[in-house]
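So the protein sequences, as listed, match chains A and B. Here the first sequence is numbered in the numbering used here, starting from 1 and rising by one per residue. Here the second sequence is numbered in the numbering used here, starting from 1 and rising by one per residue.
You may find that some hints are simply not true.
[To be verified] Below are the DSS-like pairs computed for lysine-lysine, each with C-alpha atoms no more than 25 Å apart in a straight line:
| # | chain 1 | residue 1 | chain 2 | residue 2 |
| --- | --- | --- | --- | --- |
| 1 | B | K88 | A | K198 |
| 2 | A | K49 | B | K39 |
| 3 | B | K182 | A | K46 |
| 4 | B | K266 | A | K46 |
| 5 | B | K182 | B | K88 |
| 6 | A | K197 | B | K44 |
| 7 | A | K246 | B | K13 |
| 8 | A | K198 | B | K266 |
| 9 | A | K198 | B | K42 |
[Said to hold, decoys possible] Here are a few chain A residues that sit away from chain B, every Cβ distance over 12 Å (derived from the structure):
| # | residue |
| --- | --- |
| 10 | K46 |
| 11 | L47 |
| 12 | G52 |
| 13 | H237 |
| 14 | G241 |
| 15 | E251 |
Since the hints were made in silico from the structure, they are not lab data. Virtual Cβ for every residue (Gly too), placed ideally from N, Cα, C.
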Amino acid sequence: MTMTTKPRLMQGNEACVEGAIVAGMRFYAGYPITPSTEIAELAAEKLPKVGGKFIQMEDEIASMGAVIGASLAGLKAMTATSGPGFSLKQENIGFACIAEVPCVIVNVQRGGPSTGLPTLPAQGDVMQARWGTHGDHPIIVLSPSYVREVFDLTIRAFNLSEKYRIPCILLMDEVVGHLREKVELPDPTTLKIINRKKPDLSKIGHYNPYQDYDGDGIPPMVNFGDGIPYHVTGLIHDITGFPSTKPEVTEHLISRLMRKIYNNIDDIVEYEKFFTDDAETVIVSFGSTARSAIRAVKILRKEGQKVGLIRLKTIWPFPRKAIQELPSTTRNIIVAEMNFGQLREVVEAASRGRFDIIGLNKYNGELISPDEVIAKVREVHKNA
Amino acid sequence: MRKSLEKYYRIDKLPHIWCPGCGNGIVTGALVRAIDNLKLNKDKICIVSGIGCSSRAPGYLNFNTLHTTHGRALAFATGIKLARPELKVIVLTGDGDCAAIGGNHFIHACRRNIDITTIVFNNNIYGMTSGQYSPLTPLGAYATTAPYGNIDRNFDLCKLAEAAGATYVARGTVYHVPQLIKFIEKALQHKGFSVVEAVSTCPTYFGRKNKLASPVKMMEMLRDNSVTVKAAEKMSKEELTNKIVIGEFLDVNAPEYVEEYMKIIKRAQGEE
């Protein structure tokens, strides 16, 4: 059995910092913004204790830049923000995508657009997390529902980011970020921690920083200062790292960036299924909304209603398989999310017309309650 | 080029993209000579740039080089320096990159006094996008976006750096090369945030719009309009209009950011 620490009351934002340090985070750059600020405060306190570095930068853009710089210099690095700050970070997130710099960006979602509802929850950044920065690129986005899961998925975000050399976004929401729950943390020595792949210089001779030596689409990475000087740019570049505008170089780079993620969907995608085996109606949800959905499913099942739930832990790449493997009994999918229906359209595309897709949406700063989920399921079943 | 300097360049990446008569190669050459004169360990140097003509320089230099997003070189450089203090971190930037889009990062890097050397290639214009005015374009000068003359008052970047907290500040030009090399050497040896504004030339875009459309004319302009810090002290404000004051403005010691942070680590770990 995995050893755990003594149970203690912990906030989601606190669990994020605990997880990050266990994952090996040794650099944090951030800017204060509600409802993510506790992450910066705790990082400032805890990082120097483990020899790590914390810096409060002059703005959100600088925080993202500093994180990328620190990661290139060899430290696992993270920043945390919320809506407006997430918008500001997007250009440099794109830099991390094209230059393949591992890093973790936490977005504790609040109501938007713009300054929106700073202290209230929302899940309105689902699409921004996917497509916030310009151009074709893959991205990994994870979304926790519980405080303990914040800890686990923060570690997973670092692991996936290091393994695939990609920025990884932890998409929390205000409820999960500020919620306090009783948590038992695992013994860190029992956890799998992944570090970026280094080149075997005895085998490759001259190091090309963007060459796919192993055929997995992931170039091994040398840290700045480790004795092999090379060039990193946000321009389209060839395997040597230098700019090129050649069509074949451009196509090769973008294709490889996509391939390294989409060839490993099963490793990256995680979701949980509850009572879907015979379900007539399946709820798809994530983050704090999924907690209400679980409660609703339990109550409805007691009444004999054939309802199930898919709780997404990975949002991007979207777990299409979760939708496609639903049993023949399933007729309806209710997508419950605190936005106007961002994920619903994705579920609709994945379902390829097999199911009726119904949105359960709230975008007024209030949580979706179990009662509202129950009411929606009853309405769907009544109309069936 | 001197044979002994070739190791600092990525010779296979030459010729560079800069126009004939551009001063950027002279600034880059001055940096290389300063590094060579100081016998710095090549592998422990990291050169970071933003976007623009000047920011293409690192691509030709054989060090750890990072070509970042527009205006953000100092933010990336701050992460590198704090993560790996043993690296000598140099930022190459332009007047638009540093003083406009990157202005916030510039003043805050000055304020922190983090041990980074910033060399600003000041050609008074956005060259990469073909000649728009920058925050360092002189009042009244012409640019593609100032077809009737520039009404934006320009920054004195050295005064800005000094006021914001930089601890070594100097201005040189690509006409006064030995002096420019000396300033860069001193900046590289300085502990803290050092700024060298290198006034450069852009005959293609600044020159053509401002009756200086030849490299020679631009060099003559630098020669004829430059006054030393000492001479400037005796001149009136009117006399200094359109003059380029060159020399060292500041060379002081102050607590350096990374060293201060290392003390925090010791304190947090209970060693102090």
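ask   = Is the nearest CB of chain B more than 12 Å from the CB of K46 of chain A?
value = violated (9 Å)
query = Regarding the pair K246 of chain A and K13 of chain B, is the alpha-carbon distance no greater than 25 Å?
reply = Distance of about 16 Å is within 25 Å: holds.
inquiry  = Quick check for students: does the CB of H237 of chain A sit more than 12 Å from each CB in chain B?
reply    = At roughly 9 Å from the nearest Cβ of chain B, H237 of chain A sits no farther out than 12 Å, so the non-interface label is violated.
message = For a C-alpha distance cap of 25 Å, please report whether K182 of chain B and K46 of chain A respect it.
response = violated (43 Å)
query = Within a Cα-Cα threshold of 25 Å, do K197 of chain A and K44 of chain B meet the stated pairing?
reply = holds (22 Å)
ask   = Holds or violated: are the alpha carbons of K266 of chain B and K46 of chain A at most 25 Å from each other?
value = Cα-Cα ~13 Å, so holds.
ask   = Regarding the pair K88 of chain B and K198 of chain A, is the alpha-carbon distance no greater than 25 Å?
value = It holds: about 23 Å lies between the C-alpha atoms, which stays within 25 Å.
query = Can the restraint linking K198 of chain A and K42 of chain B be considered satisfied, given a maximum Cα separation of 25 Å?
reply = holds (22 Å)
request  = With a cut-off of 25 Å on the C-alpha distance, tell me whether K198 of chain A and K266 of chain B pass.
outcome  = violated (30 Å)
query = Holds or violated: are the alpha carbons of K182 of chain B and K88 of chain B at most 25 Å from each other?
reply = Roughly 17 Å separates the two Cα atoms, so the pair holds.
No chain B beta carbon within 12 Å of G241 of chain A's = violated (9 Å)
Given pair status - K39 of chain B, K49 of chain A, alpha carbons within 25 Å = violated (36 Å)
Consistency note: the structure conflicts with the earlier hints numbered 2, 3, 8, 10, 11, 12, 13 and 14.
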